Amino acid sequence: MRFSRSESLMRVIMLSWEYPPRIVGQMANYVKKLAAQLVKNKVEVYVITYHDFLTGGHDDSDGVKTIRVTNPVHTHIGVLTWVLTLNQEVERVSANVYYGVSKQVDLMDVHDWHFIPAAVTLKRGMDIPFTYSIESLEEHRSHGANSPFNMAIKSIEWLGMFEAKRLIVKSEWMRDEVIRLYKVPAEKITIIAPDSAGWLLDVLGTYRNVAQSGGSI
Amino acid sequence: MSRDLSVMMLSWEFPPRIIGGISPHVHYLSKSLAKSGVKVYVVTCDFPGAPQHEVVDGVEVFRIDSYKNPSPDFATWVYLMNVNMQKEAAALINGLGGDVDVIHAHDWLVATAAIGLKHVFRKPLFATIHSTETGRRNGIHFDYERMIHETEAWLTYEAWKVICCSDYMISHVQWAFGLPSDKLVMVPNGVNYEAYSKYRTEDLSQFRSKFALPEEKIVLFVGRLVYEKGVHVLVNAAPKVLDKINAKFIIVGNGYMKDQLSGLAKGMGLTHKVLFTGFIEDETLRRLQTCADVSVVPSLFEPFGIVAVEAMAAKSPVVVSDTGGLSEIVEHDVSGVKVYVSNPDSLAWGITRVLTDNSYANWLRTNAYKKIQEKYDWDKIAQQTETIYNNVLNEYSKSFWAQTTT
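In order, the protein sequence lines correspond to chains Y and W.
Using my numbering, the first residue of the first sequence is number 1, and each one after it goes up by one.
Using my numbering, the first residue of the second sequence is number 1001, and each one after it goes up by one.
FYI, nobody ran anything at the bench for these hints, they're computed from the structure.
Being a predicted model, the structure only gives us computed values, none of them experimental.
Calculated lysine-lysine pairs in the DSS-like style (CA-CA distance at most 25 Å, straight line):
#1 Y/K103 x W/K1398
#2 Y/K40 x Y/K170
#3 Y/K154 x W/K1068
Sequences are here, hints too, so could you generate the full structure?
In structure tokens, the structure reads:
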């Protein structure tokens, strides 16, 4: 089944390294809930995510189109090399969506750092703008450790913040941390608390603004 | 095709950044392609003092930020550098309105950038495999090596054609990654033989005297001082040569075996006959190759053997071990001498034969130079490469990718 442009107000690609049935932390269920709510509001949503073996495309009962990819390089020495090779598969299936809908993708929403490299290439190559939804930061996950490994992840987070059209955070505290750690201008950050009454409308409004502004910086 | 063919080359090194053989390879191939009217964009790593964008010999070169934070290890650095390379290349192709016909990657060092770009822009991908992890390490022993090996396999899987520079490498790559044989194409490595011609008219006697006495013949080795290059075989052959004729053994290059090798020469009482020069720059090296009475390539493992081709271009007679790409470059008794691998007696026999018979040496020089002009000329190699591009583009034009991107 393919939506036509008239039925659908917006077409969004969501990138998240966890999505049910693969649940690593709380992000998986959050992205699931968000995607389903967006579909109810006439947004066409493609979720591109990772799974070991449930690979390929699938239309979920909630109307979300999911595409799961796995890593062609099986042997790895750490999560970084694993993530960086997986990104090419994310690009491949994103490109398949893009060409399959005659290049009409309004925006991407990237959840955390893992698929930032893919989002940046897709933005630069296809002029699709993206929002970076920040669930957590390496600084907090690693308790301030700053080995070359942590630095690499932070540099990817920085790249995402630099290249994204907007950053979406879930609390004032996180906004302040993003400003403190990455010197991002405050006006680039939108706070949308998932438990707030206007949660979905705020997300939709943010998406709409970003989609209308196009892909260039 | 109505307009000129355009190619994007991805390489982790391009002059002035020179780490191994890929840098000159990509430089000369791109230059010759540009000369025949192909639009070439090279995307490569930055280098201190080199501009971000410049036109070199008709080739558009773009240098990207090569990720300069400390990295956990080399392979992780490669993948991180590829993130930057890919985003800059994506912006470049987008800026050209998608007007790049093919993407050409050199080794796994640019694999992830190349694979992503192939899918984002739906362009045919070419991969030149200059060497493999299993060849470099003589097998796969650790996860680190296996990860690189699998990345190489993935690159060859994604490539429309895989290019190797010798028949030996074709069979090696086919074995290593289980590829169908019609996916592999042999295009030799080239040499810029014209770069040597000016030294032949120079008076090099003054230059020569810095390295050897007038009565000493020069036996030259050029390469990394590592086990697989077989320098120890040459040192062991030295006394057997010196029994017959006076000579100086000049060993150019660096490597982890340097101390071990100079210790070996010292222990054999050969300090005055074996000279370790370390790394020397191109100009001096070409003069030295021109002066050499014989150039020796005693490798135990050799995917191609560019140093033999360079010596032949310098009109220095060559003695090579009969292995890998060297076996294909040299025709025994015609364009050089082939000797048994890892055999000092055989190597000494070959060197002595060349040094004691001038007319034989000249016969080898003449034939070798002719072979170089016929087979290892960059313009000819670029033509072969262009033909491969065009054949694939013809197949590609009938694919559904060609329709979806327009």
